[in-house]
Amino acid sequence: MNYINKASMENTKMAELVISNPKLMLTLSRFGMELGFGDHSVKEVCEKANVNSSFFLMICNIYSNPDYIPTSDDLNTVDIEAVLSYLSESHKYYVEERIPHIEHHLKRIIEACPERFGKTLKRFFEEYKKEVAHHFKYEEETVFPYINALCDNHVEKVFSINEFKSNHSNIEDKLDDLMNILIKYLPAEIFPKERIEISLDIMDLSSDLNCHTLVEERVLVPFVELMEGKCYENK
Amino acid sequence: MKINKIVIAEPSPILVAGLIRFLEDLNQIQVVSVVDNIDDLNDKIIIHNPDILIVNPIILGYTNNKAFKQISQISSECICIAFVTTFVDKSFLKCFKEIIELSDNKQKVNNKIFNLINNDDASSQNESVDLSNRETDVLVCVAKGMTNKDISDMLNISVHTVVTHRKNIVKKTGIKSVSGLTVYALLNNLVEESEIYE
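Going down the list, the protein sequences come from chains E and R. Residue numbers are given in numbering that gives the first Met the number 0: position 89 of the first sequence equals residue 88, and the series is strictly consecutive. Residue numbers are given in numbering that gives the first Met the number 0: position 135 of the second sequence equals residue 134, and the series is strictly consecutive.
Incorrect hints may appear among the rest.
Partial pick of chain R residues on the chain E-facing surface, computed with a CB cut under 7 Å [said to hold, decoys possible]: (1) Ile46; (2) Gly173; (3) Ile174; (4) Lys175; (5) Val182; (6) Tyr183; (7) Leu185.
Note that these hints are calculated values from the structure, not bench results. As the structure is a prediction and not an experimental result, all values here were calculated from the model. Note that beta-carbon positions come from the ideal geometry of N, C-alpha and C, so glycine has one too.
Looking at chain R on its own, in the form it has when it is part of the complex:
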């Protein structure tokens, strides 16, 4: 079973203690870090690469645009939950996957987090591990040493699409470097040796 790493960003020690107490019974999670300001939060996100972030919007200075951008960026990498202790603009709360309020009881908090974790699992399980036909085409080109521009010209797709395919290839194979992908392509008989090294 996967353990989800949680970072909590909340300035009040009392609320942090309460929150942690509520989370105790969930066995799929581990609180790896607690921070009370935005700078530490950024550091901890880089260090821990958490699966879930529970953040009080106060910390982000929720009224400005910069905070808005920042939280959307973070939420592309992990599940962001707002911990709302005061009035926060509704449009800002839209960036979050879930909202925990001061009036929530333990059961409610646990349910919210449990659902988020398990939804996330289901979606990643549905993803196929096999490369799609188009991805295989791109992989073959990469193995032959072609640039993104070459590939986009040859397959008649935009460079942006090439990049997306390449990201998916890395995600599915677990191999990041071009020379590693070349080995992969060869092992799977997708290319001939003579095509790679001339």
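For reference, chain E alone in the conformation it holds in the complex:
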């Protein structure tokens, strides 16, 4: 398979990496990186932004190859704080930027709809926003603090990452539904141009959320499972 490995990364230019996989552009700000890489290598850019390059590489691999599953050796090189901060930044990006952007487009479509359609669409999106907020809140207020406590070696709460694993809800479904409604079911005359744009935005968000879920399921969960294993061994 076509994974980026550590050795080849040392020489790869950051600009080339991003151009060959533009989806990565969305993740840069979550790492505190900015465009304007010049000829700097991936390694140099990571060092400058104070980013653990192994973790950055893992994200790159997840974004460029849906088959990628990090090995436990890979996981051992990762710093959990970096993972949590990356995930929180992603949440912030979805809630503060992407979703409002889509909502803004949608509002114009809603205004152009006959009132009763507009009302249901609006309600649909409000519900979606609530669902997303709830999903992220659970992670940030229950799951992440548990992991932090685990790091500090004092776990009092009866919780395990397994609980998260089995409850991890899917927040992409409703987006797909919205796409279907916009593309298949909304009457043709309502804002065709705007609908194409918003559909493309939704596709981007949906694919980014997919990768986000993969980061949680293939990096966060196995990492915490390793930690839980060590923690209970010591007790």
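Since the structure of chain E is already known, use the hints to place chain R on it.
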């Protein structure tokens, strides 16, 4: 034209190479993954969601019941073809849609797969996209926020039947969430706004 994703599960690299060589000329397929053990196979099925699985029953440990159950479960989601290289119990082979044998030549293998793919296409084309009357009844109830139990009581059908209708509704409309289906019902004038939100 739809490209069918194939996963091959076969421990012998020589046989895998031969099989792939045979499949080269079929343009409706793509081999997305090759595995040599059961654990990897399960992973790859989840990741790729293949249309066709070509599996050597040896990999499944074909003599036990568990393997039997597993393959029937997989075959509900994709077309399973047995790649038989040694003696395998006949009853076990019944779980598979088709069997490829070591003595098959290229033409024969290609025909077998071609037929499977095109049969499958024909059956999905025959399915109507429109909701049946009963499905529409169920959809209206779902849009009104009723539970499966409520719906089964009201329409006088079993909960199991309600679930089957709901699955078909999702398949036909492409919409999975209840609130999405509500929007769909309203857009198609199946329900009044006042009936949904009180």
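The hints, checked one at a time:
1. The beta carbon of Ile46(R) comes within 6 Å of a beta carbon in chain E, closer than 7 Å, and the hint placing it at the interface holds.
2. Taking 7 Å as the C-beta contact cut-off toward chain E, the hint placing Gly173(R) at the interface holds, the least distance being around 4 Å.
3. Interface restraint check: Ile174(R) against chain E, minimum CB-CB distance 5 Å, threshold 7 Å, status holds.
4. This hint holds: Lys175(R) has a C-beta 5 Å from the nearest C-beta of chain E, less than the 7 Å allowed.
5. For the restraint placing Val182(R) at the interface with chain E, the shortest Cβ-Cβ distance is roughly 5 Å, inside the 7 Å limit, so the hint holds.
6. At a threshold of 7 Å, the smallest CB-CB gap from Tyr183(R) to chain E is about 6 Å, leaving the interface hint in force.
7. With 7 Å as the threshold, the beta carbon of Leu185(R) comes within range of chain E, its nearest partner Cβ sitting at about 5 Å, so the hint holds.
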